[in-house]
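J.: Given the coordinates of chain A, assemble chain B onto it according to the supplied hints.
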Amino acid sequence: MLGLLTHYPLLTALTALLCLGMVFGALLGFASVKFRTEGNPLAEQINTLLPQTQCGQCGHPGCRPYAQSIADGGAINKCPPGGQETIDALANLLDIESQPLDAEHGVEKESRVAFIREDECIGCTKCIQACPVDAILGAAKLMHTVIADECTGCDLCVEPCPVDCIDMVVRKAGIAHWSWPMPASPEHTNIIATDKEAA
Amino acid sequence: MNSVHTIHGGIHPREEKQLSRPGQVIDAGLPHELILPLSQHIGAPAEPIVSVGDHVKGGQRLAEDQGAVSAAVHAPTSGHITAIDMQPVPHPSGLTNVCIRLTPDHADEWLVLQGLADYRSEAPDTVIAHIRAAGISGLGGAGFPTATKLLARERSAIHTLIINGTECEPYITADDTLMQVAAEQIVAGAEILAHILGAETILYGVEDNKPAALKAMREALAASDDALGQQQVVSFPTKYPSGGEKQLIEILTGEQVPSGGLPADLGIVCQNPGTAVAVRDAVIDGKPLTDRLVTVTGRAVSHASNYRVRLGTPIAHLLALAGFTPGSRQRLIHGGPMMGFALETDAVPVVKTTNCVLAPTQEELPAPPPAQACIRCGLCAEACPASLLPQQLYWYARAKDQEQLEKHHLFDCIECGACSWVCPSSIPLVQYYRAAKSHIVETRDDKQRAERSKGRFEARQERVEREAAERERKRAERKATAQQKAAASEADDPVQAAIARTKARKEQAAQTKDAS
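Chains as they are written, first to last, in the numbering used here: chain A, 20 to 218; chain B, 483 to 998.
Looking at chain A on its own, in the form it has when it is part of the complex:
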């Protein structure tokens, strides 16, 4: 055997390659069993970037299905609650060109929460069934109320309410939520007032 190998150098190379192939093949086979990923990791990554409002404005029943559709090559600009920032983050993740928000699905608004005018609530439980995150408390024929901290502002409870007693109010109102605005960038400052029209 050894004599044969020394006699035919080509055979040595072939045997070596064959052995290497077998070893690495076994390794790969083992790895594919041992480190198997369940589900689509890309959809999961996309899902973490989405705002989890679960509002369905994108046309999908929740953020996870939308993430799945993006992973399958769908448009990334259908999420109004996430706004431009989310689109940019998605474009960055998928390494594609960012796009403006598709106005067909809605416009970017500040974060809101549902507020039930409790005197007018008749206790029909329709909003409770509509809420995607179980943020409404109540029982049949008893007053309902929204857990403001858990509400995502998805608007889904407004439509089913038979007495229209749900308002959407701005979440971050008042001085406690005020933050410093970003200054206008120097390139956009017009020192001479009449420069405004030019450029």
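Treat the hints as calculated values from the structure; they're not laboratory data. Check each hint, because a few of them may be wrong.
Straight line, CA to CA, 25 Å or less: simulated PhoX-like cross-link-like pairs of lysine-lysine [said to hold, decoys possible]:
#	chain 1	residue 1	chain 2	residue 2
1	A	K191	B	K967
2	B	K882	B	K929
3	A	K97	B	K929
4	A	K191	B	K919
5	B	K929	A	K191
T.: This is chain B only, laid out in the frame that chain A set:
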């Protein structure tokens, strides 16, 4: 301990401290109305416990502190509560906030105040409860509730208390004046704080541009019976912003507070001299925090000085006392020229954090010229007292690159404004950092909220599916039992039996027909 260290960067703006004649205090008297915001500190706003129409006495608590980080509000004089409503407050946003309005009855009747007879024999928690009850929050400018800050003793062993008499910001002389007129009270307050914290050493840090304050503090220390051991007044060269907490610690001890850490991690706690006096008044006399020293200065006022002001006094009242003649496009600044903010109206009240009201003329403090492009000169990096790279932070803030901003330690920025001050392009750098900081905090908040909603959505999804499966299972069960029943009863089914009988009869008939 005698050696004084130096910090990176820093600037030397014109001091303008003599303008307000440090060392002299004028009583600001009683205005027509006191406006007491419920949020004069960092943390949760206080909750009112009085209602409109109530008559209150001086020192009476008007609003309770809420939760761990909060401070109570007390009546600075006797009078009637006329309203609890939204009023403009000193805040960079210029927005309104909930305030209790009190109309003084000019009798200035006070509750009988009860202090602790001998705090040294009391447990630290009792003394802290006293400080919390007095509604004290830091008087230096940030307004962190003092009782909460003193809880640092539970986190780590405190060995040094620093009284921060630096007052490095131009124009302001409130602490300087306090050190001159109330040095004994500062020392007494510091000793109480050191007792609570278990600190062996008390350092009084004072910049060398305040010789009168240094002298007064040294005399007060010599006169004190000094039961606690080491106390020392340390003087160091004037430089802005030596008065930053972390900067002062480095100057006095040579140690740097770790990034993202607290002074308590080094066994150090810093307090403002005004806070020390307020603590002394609360513990010894039982007096809540209802007044403070305010520097009213600038060349648009004729009687620049330090005023003893009751909290809630409208700034308009103070300005009238100081002989204010507004110029065209007059700016009013709450705080100093470096870290203060412009006020939109003089109707806002003096609050616990108001150390200065600055009314400069146009020539004195002109509005900043329009910002120009960054030329990457690097002066900002030389001036930064936190050894950051302001220029890089500027680019990243504009690009909203949060990852890089955090990598470049944006949150170690103390917003002192030294970088903006040296910038030859007049870029409002600090404003970029402030905006970027709040944006990052907001994003973190949203992320957390999204994570929670995701969990709740998935839990609901699972529940809905489980319920659907349950219903499906029950339906199948019902169907199966029905079928079983049908199969079992097939034998004695009357219809089937009748059909069978008819069939049999027909067959029989056919057979008889065949046979016949």
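J.: Give a verdict on every hint.
T.: How the hints compare with the structure:
The hinted pair formed by A:K191 and B:K967 fails the criterion: a straight-line CA distance of about 62 Å is larger than 25 Å. For the hint linking B:K882 to B:K929, the alpha-carbon distance of about 16 Å falls within 25 Å, and the restraint holds. A hinted pair counts as satisfied when its Cα atoms are at most 25 Å apart, and A:K97 with B:K929 qualifies at roughly 19 Å. A C-alpha spacing of about 17 Å is found between A:K191 and B:K919, which places the hinted pair at or below 25 Å, so the restraint holds.
Proximity of B:K929 to A:K191 is assessed by CA-CA distance (about 16 Å); at most 25 Å being required, the pair is judged to hold.
Consistency note: the structure conflicts with earlier hint 1 alone.
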